[in-house]
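Student: Starting from the known structure of chain V, arrange chain W on it as the hints suggest.
There are 2 protein chains.
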Amino acid sequence: MSAELLGRPPAVVSAGVEPLAAEVEAQGAPLERLAWRPPLDGAEEPLRRLIGRSTEIAAANDRAVGRMQAAQPLLVGVARAADVLPGVTERTILHSGPPLEWRDAAGPLRGAVIGALIYEDLADTPERAERLVAAGRVELSPCHEHAAVGPMAGVVSPSMPVWVVEDAAGGGRAHCTFNEGLGKVLRYGAYSQEVIERLRWMSDVMAPIMAAAVSEAIDLRAILSQALQMGDEGHNRHRAATALLIKQLLPALLTLDAASTDVAEVARFIAANDHTFLNLAMPAAKVMADAAGGVPGSTIVTTLSRNGTEFGVRVSGTGEAWFTGPAQPVEGLYFPGYAARDASLDIGDSAITETVGLGGFAMAAAPAIASFIGGTPDEALAATTQMYDIAWAESEHWLVPALGFRGTPVGIDCRAVCLSGTLPVINSGIAHREPGVGQIGAGVVHPPARPFVTALEALAARS
Amino acid sequence: MSAELLGRPPAVVSAGVEPLAAEVEAQGAPLERLAWRPPLDGAEEPLRRLIGRSTEIAAANDRAVGRMQAAQPLLVGVARAADVLPGVTERTILHSGPPLEWRDAAGPLRGAVIGALIYEDLADTPERAERLVAAGRVELSPCHEHAAVGPMAGVVSPSMPVWVVEDAAGGGRAHCTFNEGLGKVLRYGAYSQEVIERLRWMSDVMAPIMAAAVSEAIDLRAILSQALQMGDEGHNRHRAATALLIKQLLPALLTLDAASTDVAEVARFIAANDHTFLNLAMPAAKVMADAAGGVPGSTIVTTLSRNGTEFGVRVSGTGEAWFTGPAQPVEGLYFPGYAARDASLDIGDSAITETVGLGGFAMAAAPAIASFIGGTPDEALAATTQMYDIAWAESEHWLVPALGFRGTPVGIDCRAVCLSGTLPVINSGIAHREPGVGQIGAGVVHPPARPFVTALEALAARS
Numbered sequence: 345m346s347a348e349l350l351g352r353p354p355a356v357v358s359a360g361v362e363p364l365a366a367e368v369e370a371q372g373a374p375l376e377r378l379a380w381r382p383p384l385d386g387a388e389e390p391l392r393r394l395i396g397r398s399t400e401i402a403a404a405n406d407r408a409v410g411r412m413q414a415a416q417p418l419l420v421g422v423a424r425a426a427d428v429l430p431g432v433t434e435r436t437i438l439h440s441g442p443p444l445e446w447r448d449a450a451g452p453l454r455g456a457v458i459g460a461l462i463y464e465d466l467a468d469t470p471e472r473a474e475r476l477v478a479a480g481r482v483e484l485s486p487c488h489e490h491a492a493v494g495p496m497a498g499v500v501s502p503s504m505p506v507w508v509v510e511d512a513a514g515g516g517r518a519h520c521t522f523n524e525g526l527g528k529v530l531r532y533g534a535y536s537q538e539v540i541e542r543l544r545w546m547s548d549v550m551a552p553i554m555a556a557a558v559s560e561a562i563d564l565r566a567i568l569s570q571a572l573q574m575g576d577e578g579h580n581r582h583r584a585a586t587a588l589l590i591k592q593l594l595p596a597l598l599t600l601d602a603a604s605t606d607v608a609e610v611a612r613f614i615a616a617n618d619h620t621f622l623n624l625a626m627p628a629a630k631v632m633a634d635a636a637g638g639v640p641g642s643t644i645v646t647t648l649s650r651n652g653t654e655f656g657v658r659v660s661g662t663g664e665a666w667f668t669g670p671a672q673p674v675e676g677l678y679f680p681g682y683a684a685r686d687a688s689l690d691i692g693d694s695a696i697t698e699t700v701g702l703g704g705f706a707m708a709a710a711p712a713i714a715s716f717i718g719g720t721p722d723e724a725l726a727a728t729t730q731m732y733d734i735a736w737a738e739s740e741h742w743l744v745p746a747l748g749f750r751g752t753p754v755g756i757d758c759r760a761v762c763l764s765g766t767l768p769v770i771n772s773g774i775a776h777r778e779p780g781v782g783q784i785g786a787g788v789v790h791p792p793a794r795p796f797v798t799a800l801e802a803l804a805a806r807s
Numbered sequence: 345m346s347a348e349l350l351g352r353p354p355a356v357v358s359a360g361v362e363p364l365a366a367e368v369e370a371q372g373a374p375l376e377r378l379a380w381r382p383p384l385d386g387a388e389e390p391l392r393r394l395i396g397r398s399t400e401i402a403a404a405n406d407r408a409v410g411r412m413q414a415a416q417p418l419l420v421g422v423a424r425a426a427d428v429l430p431g432v433t434e435r436t437i438l439h440s441g442p443p444l445e446w447r448d449a450a451g452p453l454r455g456a457v458i459g460a461l462i463y464e465d466l467a468d469t470p471e472r473a474e475r476l477v478a479a480g481r482v483e484l485s486p487c488h489e490h491a492a493v494g495p496m497a498g499v500v501s502p503s504m505p506v507w508v509v510e511d512a513a514g515g516g517r518a519h520c521t522f523n524e525g526l527g528k529v530l531r532y533g534a535y536s537q538e539v540i541e542r543l544r545w546m547s548d549v550m551a552p553i554m555a556a557a558v559s560e561a562i563d564l565r566a567i568l569s570q571a572l573q574m575g576d577e578g579h580n581r582h583r584a585a586t587a588l589l590i591k592q593l594l595p596a597l598l599t600l601d602a603a604s605t606d607v608a609e610v611a612r613f614i615a616a617n618d619h620t621f622l623n624l625a626m627p628a629a630k631v632m633a634d635a636a637g638g639v640p641g642s643t644i645v646t647t648l649s650r651n652g653t654e655f656g657v658r659v660s661g662t663g664e665a666w667f668t669g670p671a672q673p674v675e676g677l678y679f680p681g682y683a684a685r686d687a688s689l690d691i692g693d694s695a696i697t698e699t700v701g702l703g704g705f706a707m708a709a710a711p712a713i714a715s716f717i718g719g720t721p722d723e724a725l726a727a728t729t730q731m732y733d734i735a736w737a738e739s740e741h742w743l744v745p746a747l748g749f750r751g752t753p754v755g756i757d758c759r760a761v762c763l764s765g766t767l768p769v770i771n772s773g774i775a776h777r778e779p780g781v782g783q784i785g786a787g788v789v790h791p792p793a794r795p796f797v798t799a800l801e802a803l804a805a806r807s
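Residue numbers (the working numbering), protein chains in the order written: chain V, 345 to 807; chain W, 345 to 807.
Excised from the complex, chain V in its bound form (with noise of 0.2 Å):
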């Protein structure tokens, strides 16, 4: 729909700028006026500025939204973090969501850096830990400035063991940490002894039986395309992923070099954690968002992160460049004792995978999503048709049996959001707005409108 809307001249307009749409009636073209709804504050001015670049732009959308769709992410390995991330040092602390200032930092994200300096002996309390990036003795940085995503606070630090996965198409890398499981782990800020000895495991235990047991590349594609056709939305749900990865890599675990009560608490654990997959449908989707990234004047979005402050977006045709805007709360169900006043705003990098067509933008795949965060159905299936609104395609790879296996939407335009007013929808975990706590719920989130605006000024800027 978008790509009829935004185009082709007569369906920009039916949208709702009106001077445009009288022009094109005047005309003669036929026009379907949709319900109407206002375009975002402050974006009449660069909409207008961009519709006669409209033939130069859907090309340029063609092209990235292609290379996304052609990316193929494969898991490729297991590496210590400061080995393979580019420009990280044994000092600095990677986080989710555009760039941050500690003094801004929100709770979740406070305790999570806190615990990554007492798991890197770097702190031996939270005290030490907060003055010590408050000096600026240790170096916070983005997870998507240093090819790493990573949920909820999304804290990496350098000797922690990252999953390496790699584009067989363009050749990108993206990494990110394995999964915690649920309840009180440090992605949602939590840092306890207990927390602290499960990285401590991760990295000494699971990480090289893990690297050994990717012998051959693992297409996360195909595990998503099919777990997609088993109630999975590739983003809150990932128990179909999770068992289907297990099934892989059953063979390898069952012959490795390696002490077999380690290797079956391994898989214990793993097997036990429906998240194990999200950790992997992460970078996949970072590198495919990536591969769609830089084509000048292109209007795509490549990035939806959040830093539990802020939500940030970026956009293909301006590069690596940050809009930001407040990051919002998240409405959903919460877990017995906790209520709405409980909860950190909005917080993570897994929004790459609604990037991609993931996500609530695939919720009507999984209807079971639905009651976890506290929806029906039937509104499981209007998230997806909405997104249809302010996508420019739909997926090769997400296909959705419940609509009949038509493709997910994919590629967010960000003209097509300004003008429809219609924000992406993400799904996403709710954490507590204390450090040390954990996660306190699950439900449904859009980004502020003020970064979309923003970026799209941007690009209206370019020549």
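These aren't lab readings, by the way, just hints derived from the structure by calculation. It should be emphasised that the depicted structure is a prediction, and the values quoted were computed from it without experimental measurement. Watch out, some of these pointers could steer you wrong.
Part of the chain W face toward chain V, derived, beta carbon under 10 Å [claimed, not checked]:
id: 1; residue: T605
id: 2; residue: A608
id: 3; residue: E609
id: 4; residue: A714
The calculated label-pair distances, taken between Cβ atoms and stated as ranges, are [unchecked claim]:
id: 5; chain 1: V; residue 1: R544; chain 2: W; residue 2: D465; range: 50 to 60 Å
id: 6; chain 1: W; residue 1: A512; chain 2: V; residue 2: T720; range: 31 to 41 Å
id: 7; chain 1: W; residue 1: D448; chain 2: V; residue 2: A616; range: 19 to 29 Å
id: 8; chain 1: W; residue 1: D448; chain 2: V; residue 2: T720; range: 46 to 56 Å
id: 9; chain 1: W; residue 1: W545; chain 2: V; residue 2: D601; range: 24 to 34 Å
id: 10; chain 1: V; residue 1: R447; chain 2: W; residue 2: A602; range: 52 to 62 Å
id: 11; chain 1: W; residue 1: A555; chain 2: V; residue 2: G525; range: 23 to 33 Å
id: 12; chain 1: V; residue 1: T720; chain 2: W; residue 2: T605; range: 48 to 58 Å
id: 13; chain 1: V; residue 1: A726; chain 2: W; residue 2: W446; range: 39 to 49 Å
id: 14; chain 1: V; residue 1: G527; chain 2: W; residue 2: A616; range: 31 to 41 Å
id: 15; chain 1: V; residue 1: A566; chain 2: W; residue 2: E400; range: 51 to 61 Å
id: 16; chain 1: W; residue 1: T605; chain 2: V; residue 2: E434; range: 39 to 49 Å
Where is the CB? At the ideal position from N, CA and C, for every residue including glycine.
Tutor: Leaving out everything else, chain W in the frame of chain V:
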């Protein structure tokens, strides 16, 4: 719907028995006229005789279906067939469907019996094997009469390993061989050297490893319940269930006291075969159906089964008696190079899954199966929806996301089949009509009408 249709007088009428419909309308009861189809030939008389016993039958059916739903099939072990199957000697060969004379046996069943006799070293050529059976030197008997079920030809010979499934609620047991994979396999009537060697590997290598791996009981109902949220329908598609099974077996497999290359080979074999779980879904369904059996007065179907020549039906209120009619052709898609003229008629005990609300009754859960057998997702939805017309209840365990998590239709009421003329829909593979070839397609089939009418007559004849 059937509960209303047949448990309470007004709705019995609405499906087409006109004299009764008129009576209900005369009494001023609400009457919704359904798309009218005549009752099955010869059914009006027994239906009429049963109408006065509606209350008693409703109570009996509630009890039968209640037991079916309460049954809790657990995988508890692996054993040698002749050691655990009641009434099976070293000279017994079990087959699918109702009892059969050798001279009437269809090609795939002949081929599988020949293969089993070669596998057992009871014959060294196909000709000698046939002579052995023709001379009555081995006894042919239905799986269903020996606490077993088998897909397609369903042949079980004395030394084959079988899964042991126990109903934790009622204590009943059912058994099934290991699934051999697709292509040239015994159950489709193939008996080449490759087939026999695979069977021997299954008993020599796979059976002891699987026996050790099932160190704790595995809840098959829970796996099926999850799998229906993951695109399986519990008969022709077991991709999710097989992956979930492997996830559960994984820790035990990793700590087995066996040669790791053997364990890896077994793991690779089951992981490469998405039908692995079919041979567990079937005995799981059988203990559920058996639990519903033998309730005096109940009109609930407890067996649907075919031997390639005849289709057999058993009903709760008539116990072990078989009601049979001619096996039907399967409508579906053929593999390249094959057509309807090459096909065997409907064969296999696997329709036990439909008997408990899976397979065709759960098609709406598995839109992907529709394309595999030549249909559309909408047709899959329609198939399940239509089956509510002939089912006594809705499953408490098999919930369909696409139907807003409504339970599948469960407990086929023989009266409703006769009254509505709606026959159960069964998903099935298609075997080549000649022995020794194998699977040539997959599709959908209906039973003949006659067994439901003769079953109803037998029910009506009981006081």
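Student: Taking the hints in turn, state whether each one holds.
Tutor: Hints versus structure:
no.	hint	verdict
1	T605	7 Å, holds
2	A608	4 Å, holds
3	E609	8 Å, holds
4	A714	9 Å, holds
5	R544/V - D465/W: 50 to 60 Å	57 Å, holds
6	A512/W - T720/V: 31 to 41 Å	33 Å, holds
7	D448/W - A616/V: 19 to 29 Å	52 Å, violated
8	D448/W - T720/V: 46 to 56 Å	53 Å, holds
9	W545/W - D601/V: 24 to 34 Å	25 Å, holds
10	R447/V - A602/W: 52 to 62 Å	59 Å, holds
11	A555/W - G525/V: 23 to 33 Å	31 Å, holds
12	T720/V - T605/W: 48 to 58 Å	50 Å, holds
13	A726/V - W446/W: 39 to 49 Å	59 Å, violated
14	G527/V - A616/W: 31 to 41 Å	35 Å, holds
15	A566/V - E400/W: 51 to 61 Å	56 Å, holds
16	T605/W - E434/V: 39 to 49 Å	42 Å, holds
The earlier numbered hints that this structure contradicts are 7, 13.
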